[in-house]
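S.K.: From first to last, the protein sequence lines stand for chains F and Y.
To convert, take the position in the first sequence, counting from 1, and add 223; that gives the numbering used here.
To convert, take the position in the second sequence, counting from 1, and add 1; that gives the numbering used here.
These are calculated hints, taken from the structure and not from any lab test.
Built from N, CA and C at the ideal position, the CB exists for glycine as well.
Hints are supplied without guarantee of correctness; some may be wrong.
[As the list claims (entries may be wrong)] What the simulated footprint calls covered on chain Y by chain F, stretch by stretch (three residues with Cβ under 8 Å from a Cβ of chain F suffice, anywhere in the stretch; the number is not a length):
(1) 184 to 192
(2) 209 to 216
(3) 284 to 298
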Amino acid sequence: MSDQHHAIEFQHVSRTFGHGKNRIYAVQDVSFTISPGRVLCLVGESGCGKSTTGKMVAGLLKPSGGRILYGGRDVATLSDAETKYFRRTVQIIHQDPYASLNPVRSVRQTLSAPLLRHKMVKNRLELNNRLHDLLMQVSLTPPSDFLEKYPHQLSGGQRQRVAIARALTVQPEFIVADEAVSSVDVSLRASLLNILLDLQHRLGVTFLMITHDLAVAKYFGWNGQIGVMYLGRMVELADTVKVLGDPVHPYTRALISSLPEADPDKTRTKERLELRSPDIPSLLRVPPGCSFHPRCPLYEEGLCDVQVPPLDVYSSDGHKAACWVMARELQQPRARDRIGEQGVEERAI
Amino acid sequence: MAVAASAPTRALGIVGGVLVWCGTTIRIMARNKAGFIGFIIVAVMTIEAFIAPIFINFNTAADVNAIYQGPSLHHLLGTDSEGRDVFTQILVGGQDILEVGYLASAFGTFLAILLGILSAYAGGWLDTFLTWVADVFLTLPTFAIYAVIAGTVHLNSNVALAILIAVFSWAGLMRAIRSQVLSLRERDFIEAARALDLSLPHIIFKELAPNMAPYIAIHFVIGITAAMYAEVGLLLLGIVPLSGQNWGVMLNFAWTRGAIFYSGSLSYILSPMAVIVIFQLALIVWTRSLSEVFDPRLRRGA
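Chain F extracted, bound-state conformation (with noise of 0.2 Å):
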């Protein structure tokens, strides 16, 4: 691992899959940066694209479209090597640990192949070393009660915790987290939530959280940045505590209102954005313009289903949305100033 970590910046990133007629837009146009040791959360409804976006940030998948750059250079002019490097250098922590361990596969196997084809350790002393450690930062103890288990003798929560130690085994410098905490127990959420945000404070390791629960972004990424993603499209990024205390995007607000609070009084008497259709629509069939708009409560006939509206920089601290209603909500007052200004010198003429 190099002493110095990247940023990864995608822009104008955009993924189809099929052909002709049955070609889907999973990613479009999506643009946004992670600087090292941060935190983005993307959240969004099934199907909207934030797995498709993990997946090529962890380079598993080639985008279709746009560039990802890593470190400043473009992931896809890299050497074979440099490749390699930068895989290994992102890791994934699926959503399922069902699915994400091989079922014929112990634990010790499962964490030994990457040290031992990356050559992170010289011996059989060192590899044991090694395993005990990584098990310890998951808190699997004692780790000699797990070395030996296959998956199917391990819990949900507990093969989760093999599934992060064996994305810690090449010491990633940037993890994709898919889902990875939503399938198991509430109860148990939160402490795999800190073990991953122990990762991030004490190795400054950069975090991609891919979640559909907001209290999970609200959580982890308090200190850093909420992406929230629709059909495809980004439609607002900022700060958690902007994305979160102050939303600008009707889509945003709809989910933060939806979200229960702690207080039942409150949850009682929140303000809850109705929609006007409750069915997100195919993505063979994404509506023109804002791909929001027949759900919409501000839609606006005319204006927002003729273009789609860019992800603008909405306030000065960077707060970016993208919705043509809000913009111009934003803008006509001065707009309307300059016309009336306008009008009065063409009065003095």
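With the hints as your guide, set chain Y onto chain F.
M.R.: Then chain Y, alone, in the frame of chain F:
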């Protein structure tokens, strides 16, 4: 821990490792009683078949005074049309049959694994072509083709016969392996292995193959039975050269030399059939333990 172990020490370590592995495997197999009995019978019969010809010098001289005798203390399973001891023939007659059975199934399984994985990983036109060839082989009337080829080509070695049988028996397993690889390679654990930059051989042989191992092993064992039947069938019909002494040749002689007309020759006719059936049955029963050896999820206890 010694960092630089000397060569003999390392060799000892490897031998020890193999012994431990064998011990563990046998212990796992012992958990399934029926399967373990099958394994013991297969092991004993195989060892016997390959060792017996070294120690037993089968006397081919005819004894006209002892034709078609029933079982007796002197001739445990009676005598054949030339008055020779049947029990001795059973003991030494297994080698050819088992050799062809094991070899044919090994060749066929190897071919199926190779082509199945290649087809799934290559994709495109190669996949289409290989799948098409497999389909053609699946529809061929195999035994008729064995008969025709064996009748035209002089197959005087066990290896040649094994190759002939293997060439026509890989298609089914190949199709199964191809589809299993296609399904397995999309699993998350393979994606994780790719992200960890593990090598392609590692992914194929350490991650994918063990998941298919129970299926392949069972197919291999059943392949042995199929190859043995094919060979015995060809020998019975007299299509391949009747060289040496084996269970198939015995059946052929019993049939062509009219053994069915003598009451005393019953044991002569039944003996080769019985050993073949016992061996086949043991193989099939053995497969019950095999799945436990290769799939840790099926192992009972710790």
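S.K.: Could you run down the list of hints and mark each one as holding or not?
M.R.: Hints and how they fare:
With 4 residues having a beta carbon nearer than 8 Å to a beta carbon of chain F, the stretch 184 to 192 of chain Y meets the requirement of three or more and the stated coverage holds. Counting residues of the stretch 209 to 216 of chain Y whose C-beta lies closer than 8 Å to any C-beta of chain F gives 3; at least three are required, and the coverage claim holds. Coverage of a stretch by a chain is defined here by at least three residues with a beta carbon nearer than 8 Å to that chain's beta carbons; for the stretch 284 to 298 of chain Y and chain F the count is 4, and the condition holds.
The earlier numbered hints are all upheld by this structure, with none contradicted.
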